[in-house]
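Start from the sequences and build out the full structure, keeping to the hints where you can.
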Amino acid sequence: MVSFKKRLKLNSLIYLGLLLSGLFFNNLALAEDVNLTWVQLSNEQRQVLNTLASEWDTLRPWQREKMLDIARDYPKMNPSKQELVQKRLGNWSRMTPYERENARKKHQQFQSLSAEKKNELRKKWMEYRGLSEVERAKLRGESPDTYTDADLN
Amino acid sequence: MLNTNENHKNKMNAEVDPSFSVENQLSDADVAHYVVDLLDDHAQHLTAVTAKRLLVARNLAVSRLADSQAVQSSGHTLVWFGGQLERHRTMSTAITLGAILLAFYAAQQFGLNANLEEGDAFLLASDLPPEAYADKGFDTWLVSKSD
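First to last, the sequence lines map onto chains A and W. Heads up, the final residue of the first sequence is numbered 153 in the numbering used here, and it's a clean run with no missing numbers. Heads up, the final residue of the second sequence is numbered 1147 in the numbering used here, and it's a clean run with no missing numbers.
Take the hints with a grain of salt, since some may be wrong.
Stated by the list, open to error - Ranges of calculated distance between the beta carbons of each label pair, as one might list FRET restraints:
| hint | chain 1 | residue 1 | chain 2 | residue 2 | range |
| --- | --- | --- | --- | --- | --- |
| 1 | W | V1143 | A | Q40 | 42 to 52 Å |
| 2 | A | A53 | W | A1106 | 17 to 27 Å |
| 3 | A | Y98 | W | L1142 | 18 to 28 Å |
| 4 | A | E44 | W | K1145 | 40 to 50 Å |
These aren't lab readings, by the way, just hints derived from the structure by calculation. Glycine residues also receive a C-beta, built at the ideal position from the N, C-alpha and C atoms.
This is the structure:
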């Protein structure tokens, strides 16, 4: 007769095995998705990532993975947010990895701000957008941690 | 008592002797009564030694009966305990399974929340466009404005 402790240990091992195999096959499925060409994507994925149709097959696997994540999260949004995603996706895909990573960090900080601060920052962004391109380029050059060419590759 | 014994004796004789009529044949109850009467009869004439031996034998029989009942009782306890243990195992398995499913669900939810906060899609749908977060010139301009 198997002791209670052994039985408990056996059960735990079985469940852990099931969990790990589930995670493994989940990652395997994701890795397969990353290697799909544009025509192999699902209709829903192509609809969301339509802006990237011409460049999809030239994207690197890690870039595709990020874009597929966007397509996965897209249905969770309301129509106005979805419209924003469609509108901004082209520019986003043309950003360098450094710029994207920087944007993610800043977005995290923005999320933690109060509604009042967010509103203030939105107004300031509009004000900044009103500056000429020359002025904005000058400000970029004055930035203490302006990225180098190495950061862009 | 004597008359009764005589009656029983006659009946026993009828059992042995087939020439007796059917009406005189003995039933089991009659035999039992006859035996009891005989025992009562002879008990009056038992010696002290025999009476004592009978008492000892009776006590021995009673103690053995008590022991046998105690074993039966503890046997029931074991069966009950075994049942509890089996139920305990089933419960433990169910609890383990439930805990794992709960942990898996929590991990999924945590991952979902992380996606809600960190996913690129939500960054793109943010109040500010991604350029606002990535533009170093905007940072510099904000600092210069706050000075």
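Checklist entry - If you check each hint against the structure, which ones fail? => result Hint 2 contradicted; others consistent.
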